[in-house]
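Enquirer: Position chain B against the provided structure of chain A, taking the given hints into account.
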Amino acid sequence: MHISVNVDGMTYADEVEPRLLLVHYLRERLSKTGTVVGCDTGNCGACTVHLDGHSVKSCQMLAVQANGHEVTTIEGLARDGKLHPVQEAFRSNHALQCGFCTPGMIMQAIDLLADESDPDDEAVRKGLEGNLCRCTGYQNIVRAVQDAAQRMKPGAGPKQEQHSDEHIAATQPVGGE
Amino acid sequence: MIPAEFKYLFPSSVDEAVRMLAEEGEDAKVIAGGQSLVPVLRMRLAAPTALIDIAGLTELTGVRDDGDSLLIGAMTTHYEVQRDHLVQDHALLLRLVTDTIADPQIRHRGTFGGSLCHADPAGDLLAPVLALDAVMIIAGPAGRREVPASEFFVDYFTTALAPDEILLDVRVPKYTGWGAHYEKLNRVAQAWSIVAVAAAVQVRDGSISAARVGLTNVGSGPLRATEVEAALVGQPATAEAISDAALRASSGDGYKDNLARVLTGRALTAAVAG
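These protein sequence lines are chains A and B, in that order.
Under full-length UniProt numbering, residue 177 is the last one in the first sequence; the count climbs by one each step, no gaps.
Under full-length UniProt numbering, residue 274 is the last one in the second sequence; the count climbs by one each step, no gaps.
Just chain A, with the same shape it has in the complex:
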């Protein structure tokens, strides 16, 4: 079956079997191996990507279901060699040990922050309930997401740091994509 999918800003046209899973399409056809397969049963969230800006589990979707849609993977987050603020926050808060769950955690954290710009501890844990981590005990992941929320606040960029940012604090936070 013919599909056309925009992945990380590039449009790909491919012939695929209808039974091909989206995660296998991303990894094996497009070499986007940043998205990983964890549990293979829809529980762990390691394969999380964004479909039209919303997080989905790419091992629970067929590639043909993404036909005509936009997919963002962990590989599409960095801009001009600079990591996304959520990636930076994960790094500086030691929010990963083995790192296997990290691509999915980061994609889901971005989704969470788009809905809730300043989540408390419980909101982060609830927002990440579809993502499992077997190393960290989640403490540093929660810290990283809250740190990322601060980094992504309006006025958090270097220029504005030198001024009071009260006048722009009411504007919408940057969604990250």
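Keep in mind that the hints are not guaranteed to be accurate.
[To be verified] In silico DSBU-like cross-links for lysine-lysine, where the CA-CA straight-line distance does not exceed 30 Å:
#1 Lys32/A x Lys82/A
#2 Lys32/A x Lys7/B
#3 Lys126/A x Lys256/B
These are computed hints drawn from the structure, not numbers from a lab.
Expert: Here is chain B on its own, set in the frame of chain A:
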């Protein structure tokens, strides 16, 4: 695992979808969000010969005001239900239940109608839809028909839908101003309910004027706790009245009776409070 091979079809209208189902025969299956079906295909618990993807039927998406009722399109995602103002104002119970379904990623893809048609007895939407007296609006080769929720859920993973029929909309009467709560017992995040209780209560001048109670995962399908409902009507909205009524909750075969009673008490207490 990799699913078995199947043919994939994209109808552009409900009529075309119904025609495709008839043409492809009994081994064809409708795919909505796929959040139950794709895992089933992957585990090869089912091997349909054709999947009919109704994602293109945009008329099946969204919640509409229909006078005394809401019409919830079968393809409305859980995420959309959670954020819908009509649902919030007139069917609060459904929003509270939907908040607890699976996890955010699954709620982005999974659909209201898909959950009901899959009819997993542990599925969260079955009991509230039953308790709220919802009606399924179904399209088939002979036209449209309506099936009340009380006749729709037949058995484990089995509904009144014929193989060549599609669920279009769910009509839910308005429960404006009713208190509601979903009390769900599960061991870990994103686990299915061991038992859950969906309760909606209307309180007027301090007494209970109407109540709806549905039980999740106590049998082969959702159960409605009609004896509990009857025991509540006309009673003052007090802890005593609620605990007396909750004692009448039953799982049918006795196995989960105690859980059903305890969780019914908790659900009603929270529903009366707000």
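Enquirer: Are the hints correct? Go through all of them and say.
Expert: Right, here's what the structure says about each hint:
1. Lys32/A x Lys82/A: The hint holds at about 18 Å.
2. Lys32/A x Lys7/B: 26 Å, holds
3. Lys126/A x Lys256/B: 28 Å, holds
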